[in-house]
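So the sequences go chain by chain: A, B and C. Just so we're aligned, residue 1 is where the first sequence starts under the working numbering, counting upward by one. Just so we're aligned, residue 334 is where the second sequence starts under the working numbering, counting upward by one. Just so we're aligned, residue 565 is where the third sequence starts under the working numbering, counting upward by one.
Please note that a few of the clues may not be correct.
Taking beta-carbon pairs under 7 angstroms as the criterion, some of the chain C residues facing chain A (in silico) [unchecked claim]: (1) R780; (2) V863; (3) P1041; (4) T1052; (5) A1055.
These are computed hints drawn from the structure, not numbers from a lab. Beta carbons: idealized from backbone N, C-alpha and C, even for Gly.
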Amino acid sequence: MKRLYFFIGLCLLIISPGISSAKEEVVVYISEDRVFSEPILRDFEKDTGIKIKPVYDTEETKSTGAMNRLIAEKNNPQADVYWANEPIRAIVLKQRGISIAYISPSSEGIPTIFKDSQGYWTGFSARARVFIVSDEKNAPDSIMDYIDKQWKNRAVMANPLFGTTTSWIASLFVVWGDEKARDFMEKMKTNGVKISTSNGESTTLVVNKEFAFSLVDSDDAVNAIRAGKQVKQIYPDQDKNGLGCLILPNAVVLIKGGPNQKNGRKLIDYLLSPETERKLAFADCAQIPLHKGVDTPADVKKIEDIKTINVNYEMVAKKLQEIQQFLKKWTKY
Amino acid sequence: MVVKIKNLFKYFDTAPAVNGVSLDIRQGERLVILGHSGCGKTTLLRMIAGFVVPDKGSITIDGLLAAKDGKSVIEPENRQIGMVFQDLALWPHMSVYKNLEFGLAAKKISKNERNERISLILEKVQLSEFSNSFPSNLSGGQQQRVALARAIVMRPKILLMDEPLSNLDYDLNSMLRKEILKLQEETGITMLYVTHDRNEAFSLATRIIVMKHGAIQKIGSVNEIKMFFKY
Amino acid sequence: MSKKLTILITIFLFIVIGLVPVIAMFVKSLFVGGHFSLESYSLLFKSRQQWHLLFNSLFLAGSTTFITVLLGVPLGILFGKTDLPGKKIFIILFVIPLVIPSYILAIAWFYCLGRSGIVSGLFGREIAVVTLNFLFGFSGTLFVLVSICLPVVIIFTITYLRMINPKLEEAAKLSGQWFFVLRKISIPIIAPGIFLSALIVFILALGEFGVPSSLRFDVFPVESFIQFSAFYDFNAATASAMPLGLIILFILVAERLFLRKKTTQMTIAKESILKISLGKAKPFLFIAVCVFTCITVVVPLAILVKKSFVLWAYKEAFIGSIDSIIRSLLYASAGATLIVVFGFFLGYLLEHRTFRFSYAADSIAIFLFALPGTIIGIGLITLWNTRATNFIYASAVIILFGYIAKYTALSTRFMAVTFSQVSRSMEEAAQILEVGWIKRVWGILVPLVRKGLISTWLVVFIFCLRDLDITMIVYPPAHDTLAVRIFTLMANSPEEIIAALCVIMALITLLPLFILGLVTIKRW
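Please put together the full structure from these sequences, using the hints given.
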């Protein structure tokens, strides 16, 4: 009989988190790397006393579970907040009617191109798409160097089917139009641009001097430099008339019908605050704050000092879905 | 009449294992079914016990319909039958006493009565001092007696025995045969005994059924069957 | 409660928990915008990528199976039939890669062969480029999968060798050398066992998620998810799972037709089996096996331990993960307990063939075992994510459902084998004594199969503990297990911490195995 009670107790213990929702808590799905997001969320718990119930995934490991679950759970939402590692996913959620508008007081001061005008998503702490170069004297300074004969067989980039590389290509399609962008892609091929599996691998290839340069995320470049590698980071196309450098902010989204809307809003306010941006700038992810005047370490540029590609992320998201087939063909599937 | 069997059929795949058997088992008799292996005698026994459901025909036990035409009406545990298995099936994780007690306890018989009945029966099979031994520590003959005791202690309406002595050497076999006879005479229990061994059949039976190819070839007294075989 | 009712309830629950989600997912995929449509499926036939992925998956699973059998059978014979020294230690070492989460091995090899790994430090970058090219893609995935699946074949070979009637070999030994006896008698007799192990390896490799995703080889279970997320299209993902489902059904039919009858005819021999004396070849074989063990098992584990060997890493890893560790143990024990209950009744059904659909329940279990966990996961979400069933979906129950769906096949088969070792008259003897079904279960069956129950529990426990793909998809907020935690932490975390977490994971998995070892060594 004792065993029976024990068993029933065990069952209740397992079910209990499912039925107790009276506590102060907030459910958040996260696509930003766990190693960077987890400390921020723990700080939130400490500062507010609201318990975080997280579901993590990371793009690097190709798990992409959080995003799928948000879509699957549309009719019975479990999450309050989604922390995306780039705006594209947030925009898909808006298109699918999964998110709800919320303009956080903390979003004030974040440039308008980094947030949805109706408040369906708001960007913060960003990565930039920058060059990592192995030779400081003779370095590329524009993405056009990818198709420059001078660099034939010496440049590398990550697989454009995944992650931030996809967003970068899609943004080129938006800014240049399909024809010019396709032409650029074909010329990259003829110029012998090597495709690596990830930005991390691209970084190592350049660090090892196997290739001269690669476009990577700014955190990859900063981390390589901080680790004492003989490489340099260059923001491409910074001339007065240059294209500018692509900025990919994190994006935060309030989920429609989530169980703890009030706490969800509090978490969004917290994530969008200059203080969180400061922490993410000083962390290993070295992300660029989108509020002006936030402290950054010496090797993280301030947003006001960067010439950025002026692109509508909503159009990038749309384009990204359109060019999937082309990209698959391009990478020879 | 303890058991009444009417026109029983059982097919395995498409071949009949039991092919239209009808028979009555009378109160207090020692009925032996004699036949070669594969003649259907064990299947018949298992149908009476309820482990096998007949495809056609009926089995009545003590006036109650137990099985009919592919349906089991009374489950084995409710047929009040005792059985000694060919491999004895003594539970290795229980002592002799526990082996005997298990069925009684399931029937919710009081502790005192259980004790009484078990010691009585153990005395009868001369195993009183082995009450706490485990089956693996007993000799072949002793195990045989435990199996017998376990079946009888429940006071079943009929005792089924499926070649219980077939694995024993000649001396032990004849000794145990005598003990079984004695026990049956003392208790007056109805017994159905299945064997392929004519000697066993002739020494135990009051009546013998000879089975062949799933059907009854001959029913008769020991002498009649001896004549039949020109023994 | 009668026997029939118990078993029917068990089957019913198993179908609801395991099969219905998959069916629900399939049915849902047939409706586009509320109307019946085969659009998702016609798209599938036009997509070249899907067929490419399917080919990759089959090719990987096929190659893994081929190499594993080629290596596993000789090793099994060496460990099971010869006087090779240190056999038991070898067996334990070989089993380790199977029981820890699969991607841990991939991580270890990455630390060794990667661009900034150990090889690079020792032999220079040029060599590291070569090793890295080997590691990433088909060759590396194949290598890691072989080291994971090898113990399956080894253990089956050893077990089946033990079950050969020794007289058959003795008779042959009178007229020939051991090589001849093995080739003409022993191996043909254990062929069904080898086939069965090959089948299991094929299924494990086909559904594998962790290794190919870590080593970036495009296979179905991984890529269906990428495509699934790129287009956010459930119907397409379901449709793309269909060819794989059909292949699994085909394998099931093959198993039923060719293997079933043959494999159940053996029992554990009570007499001692003949041992082969290796003679002069002994030292050479010993060294060869040592080297092989080092390459496949010892080196990667040593790398992990070395990499993690800084105190702060363990402190950091342990403090951050203590909740996940406790959850892992809790869910795996609860899962194993439930799965053993299912396996007890379904295994009983399979062995005793109480009803006509005995095989059907087993087939469903095997089908679900072979189906990639990612698919079962999507099915579970499809079915249970409603307001009314939130108490299931938002609690750990959904994880347990996933475990039951996936791993009941293991417990069913193990228990069926265990029941086959127990004479049926043991239960009949109680039945005839007017003992009811429940009392028979507790008084006779459970005690008689106790050892089998414990072993099955431990095996299932380990599989639940190492599970990644299902847990990853369905875990409710704040319910991640250690296997999931490591996998989600991998990106950009300090390598020392990941290595430390992998070592902790390996330790908590090996602990029950160690207990199992104690139990079985006592029995041998």
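Compare the structure with the hints numbered earlier in the document and write down the numbers of the violated ones, lowest to highest.
2
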